[in-house]
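Use these hints to put chain B onto chain A, whose structure you have.
Protein chains in written order, with the working numbering: chain A, 1 to 415; chain B, 1 to 415.
No wet-lab data here; the hints were simulated from the structure.
Mixed in with the good hints, there may be bad ones.
What the hints assert, rightly or not - Derived SDA-like pairs: lysine to any residue, alpha-carbon spacing no greater than 20 Å straight-line:
1) 68(B) / 57(B)
2) 175(A) / 314(B)
3) 175(B) / 333(A)
4) 341(A) / 333(B)
5) 341(B) / 355(B)
6) 175(A) / 339(B)
There are 2 protein chains.
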Amino acid sequence: MASSPERVLPRHAEMSQFGVRDGHLLVGGVPLAQLAARVGQTPFYAYDRAALRARVASLRQALPPAVKLHYAMKANPMPALVAFMAGLVDGIDVASAGELKVALDGGADPREVSFAGPGKRDIELRQAVAGGVLVNVESMREVAPLAAAAAELGVPARVAVRVNPDFELKGSGMKMGGGPKQFGVDVEQVPALLDAIGSAGLAFEGFHLFAGSQNLKPESICEAQQKSFELALRLAADAPAPVRFLNLGGGFGIPYFPGEQHLDLRPIGDNLAALVARAASELPQASLVIELGRYLVGEAGVYVCRVLDRKVSRGHVFLVTDGGLHHHLSASGNFGQVVRKNYPVAIGNRMEAPRQAGASVVGPLCTPLDLLADRLDLPDGREGDLVVVFQSGAYGASASPQNFLGHPACVEVLV
Amino acid sequence: MASSPERVLPRHAEMSQFGVRDGHLLVGGVPLAQLAARVGQTPFYAYDRAALRARVASLRQALPPAVKLHYAMKANPMPALVAFMAGLVDGIDVASAGELKVALDGGADPREVSFAGPGKRDIELRQAVAGGVLVNVESMREVAPLAAAAAELGVPARVAVRVNPDFELKGSGMKMGGGPKQFGVDVEQVPALLDAIGSAGLAFEGFHLFAGSQNLKPESICEAQQKSFELALRLAADAPAPVRFLNLGGGFGIPYFPGEQHLDLRPIGDNLAALVARAASELPQASLVIELGRYLVGEAGVYVCRVLDRKVSRGHVFLVTDGGLHHHLSASGNFGQVVRKNYPVAIGNRMEAPRQAGASVVGPLCTPLDLLADRLDLPDGREGDLVVVFQSGAYGASASPQNFLGHPACVEVLV
Numbered sequence: 001m002a003s004s005p006e007r008v009l010p011r012h013a014e015m016s017q018f019g020v021r022d023g024h025l026l027v028g029g030v031p032l033a034q035l036a037a038r039v040g041q042t043p044f045y046a047y048d049r050a051a052l053r054a055r056v057a058s059l060r061q062a063l064p065p066a067v068k069l070h071y072a073m074k075a076n077p078m079p080a081l082v083a084f085m086a087g088l089v090d091g092i093d094v095a096s097a098g099e100l101k102v103a104l105d106g107g108a109d110p111r112e113v114s115f116a117g118p119g120k121r122d123i124e125l126r127q128a129v130a131g132g133v134l135v136n137v138e139s140m141r142e143v144a145p146l147a148a149a150a151a152e153l154g155v156p157a158r159v160a161v162r163v164n165p166d167f168e169l170k171g172s173g174m175k176m177g178g179g180p181k182q183f184g185v186d187v188e189q190v191p192a193l194l195d196a197i198g199s200a201g202l203a204f205e206g207f208h209l210f211a212g213s214q215n216l217k218p219e220s221i222c223e224a225q226q227k228s229f230e231l232a233l234r235l236a237a238d239a240p241a242p243v244r245f246l247n248l249g250g251g252f253g254i255p256y257f258p259g260e261q262h263l264d265l266r267p268i269g270d271n272l273a274a275l276v277a278r279a280a281s282e283l284p285q286a287s288l289v290i291e292l293g294r295y296l297v298g299e300a301g302v303y304v305c306r307v308l309d310r311k312v313s314r315g316h317v318f319l320v321t322d323g324g325l326h327h328h329l330s331a332s333g334n335f336g337q338v339v340r341k342n343y344p345v346a347i348g349n350r351m352e353a354p355r356q357a358g359a360s361v362v363g364p365l366c367t368p369l370d371l372l373a374d375r376l377d378l379p380d381g382r383e384g385d386l387v388v389v390f391q392s393g394a395y396g397a398s399a400s401p402q403n404f405l406g407h408p409a410c411v412e413v414l415v
Numbered sequence: 001m002a003s004s005p006e007r008v009l010p011r012h013a014e015m016s017q018f019g020v021r022d023g024h025l026l027v028g029g030v031p032l033a034q035l036a037a038r039v040g041q042t043p044f045y046a047y048d049r050a051a052l053r054a055r056v057a058s059l060r061q062a063l064p065p066a067v068k069l070h071y072a073m074k075a076n077p078m079p080a081l082v083a084f085m086a087g088l089v090d091g092i093d094v095a096s097a098g099e100l101k102v103a104l105d106g107g108a109d110p111r112e113v114s115f116a117g118p119g120k121r122d123i124e125l126r127q128a129v130a131g132g133v134l135v136n137v138e139s140m141r142e143v144a145p146l147a148a149a150a151a152e153l154g155v156p157a158r159v160a161v162r163v164n165p166d167f168e169l170k171g172s173g174m175k176m177g178g179g180p181k182q183f184g185v186d187v188e189q190v191p192a193l194l195d196a197i198g199s200a201g202l203a204f205e206g207f208h209l210f211a212g213s214q215n216l217k218p219e220s221i222c223e224a225q226q227k228s229f230e231l232a233l234r235l236a237a238d239a240p241a242p243v244r245f246l247n248l249g250g251g252f253g254i255p256y257f258p259g260e261q262h263l264d265l266r267p268i269g270d271n272l273a274a275l276v277a278r279a280a281s282e283l284p285q286a287s288l289v290i291e292l293g294r295y296l297v298g299e300a301g302v303y304v305c306r307v308l309d310r311k312v313s314r315g316h317v318f319l320v321t322d323g324g325l326h327h328h329l330s331a332s333g334n335f336g337q338v339v340r341k342n343y344p345v346a347i348g349n350r351m352e353a354p355r356q357a358g359a360s361v362v363g364p365l366c367t368p369l370d371l372l373a374d375r376l377d378l379p380d381g382r383e384g385d386l387v388v389v390f391q392s393g394a395y396g397a398s399a400s401p402q403n404f405l406g407h408p409a410c411v412e413v414l415v
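This is chain A alone, in the form it adopts within the complex:
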């Protein structure tokens, strides 16, 4: 449908984290066609070390030095990337014993690893105690197996309490606190849990609050951090030991869809500076931790697939590729999105070619859900072209049904 000339449609935020040379996108400084040749196949994910480094550096600059940065590896558990991130950040957050193994293999310091999850199995709790990492306790149920593991192994069970606060992170993609939730322990029940932790002799270290994720409103993030800090102060009164660890969560979003903008870190840095100052007097032994997954890695990654066929059906152009929702469920719009919107997509070997009206990029699967771009303005695609999906460093390969329809697995490279 034609839009009236004066109406400006929302556009994707600029994707400037990668360079372009001779029309080719550069990932890790390598022109895309050369990178595809090095990988030896399409489709693949590529993550750019320089972009990861730059993102951590920009956070270090915007946030007070006293704030610790943790990487929530659920966003991207590729072992080489986790090992690389372990060298850049102050700690790694894991969500399963499987992730714990990857973090420790990658060289993360167990003292700076924490483990959260609403359904931890007994064997996972035992693995965490044996690994010497911090467990974010999310249920009264976890106390007994943690105490048993500590007694059996002769090592302390290091714990923090994950709190389900009585407020939400407003405007989040995902709400993970407030109201009835499976995450953490309702703030009303925390004093009883702290009491049980003290009685069981677990090594209490602090609190974990996580109100929501994928938020692009700095004022909402600041408000949640403020409230989380106040709540932790209140709860600290009942704690069996001083608070040394206070995880204020994350929630920093990245722009995926037309009209979304990059998050402004300045107000968040100012807010955290104020909290650091208060913590110095009110929780003098506590480190403040920010836990980020998507924000650290999401923009540093691309998904790359190849055009197999340019098909015109009833006047509409379909670029049929070898990649699709089996590798990148989120970009297809099938992972927690109510209304499907396009990720930023480009033809990576013709970045400077003029864009034409509305082509669709689809995958090889026999389902109309297999859609990577719906009527997006792209250069006229040809067989052999490399389609790039930006903002693909988080919740990509590991969050996709790779076995669906029996196509080859994708490859992931860190460049």
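Below, chain B alone, put in the same frame as chain A:
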């Protein structure tokens, strides 16, 4: 929220495909707790041979004997199940070279295997020719590599034409025909494709039409079959050889959500009987084929996970299990559903216990998307209970992001 007493809420269709003994669901005749012990872990999927056999038998009874039944293995590619189905049905439909391997390993007769997909790679086309299976051509692009493979290998390239019709299957869960589509070749372009197939010396065998899937309205299915038959008749006039194979698609749905009923096969059988009679005079060499995936296997499977914790948050009961969206994305509502609805769910070791108001069944993942049942009436769950998700034989394990968050893979058993 309380509903007014006179309002009857829609309910799930009865799940009577499995027996119950002493309160335990029987899958393959085995009580669920014993089956879980045999599998050796939760979570798992279990598929019931007797239920698969009964479903095929009921179709054979309802449809005319001349109609061939194909299994579209994309619905469930578990190798043991595909091999079992190969012994029950008349052919297997595959969607990739990966699926082709499983079908042939499972003993499917290559003469009765067909391969469809909008983005077939050249190597896949060559594998199909070498395997002696029928390729559903979906683009003019496929003709040249098929001809090259046939010449090189010295075997015929058996082809049918997948047609994108000029009508839709009304009321389908997924529309796969009508309007601009990546599937098949627009009916307007079919004569030119038939001409190219003839010129290239490919072995033309017929047509494939597939208008949509997951349809619970017999009248819509009958109408699509009628129109598909008429369309094939029209197109046959331009074909380089007589039509021997006419795949009228499938689209037979199963009841997932409250208020949905089992599909009435009778009108479909009557309609097909009329088409068989017409085919005898109008397309005398043609076999009519119905291609079904979900309808054959969906109701024969359950997903089983174990309650790790019964958690009460602000008055709401959460059964936290070891299974979730990483194994069963569809049941979480994140696979092509606009509005999340509950699959039928039960406590499989207490099938006859009284149900109480609104508990939620969640998984171990750190995301609110990890929801297997939202405020469903269930017996009061306890740690160790076995949660059963019915209607899980199709688009379950293979359609889920099993690597998400690093939890153990699920196991699949055929019982």
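Status of each hint after checking the structure:
no., hint, verdict
1, 68(B) / 57(B), "holds (13 Å)"
2, 175(A) / 314(B), "holds (16 Å)"
3, 175(B) / 333(A), "holds (17 Å)"
4, 341(A) / 333(B), "holds (18 Å)"
5, 341(B) / 355(B), "holds (19 Å)"
6, 175(A) / 339(B), "holds (17 Å)"
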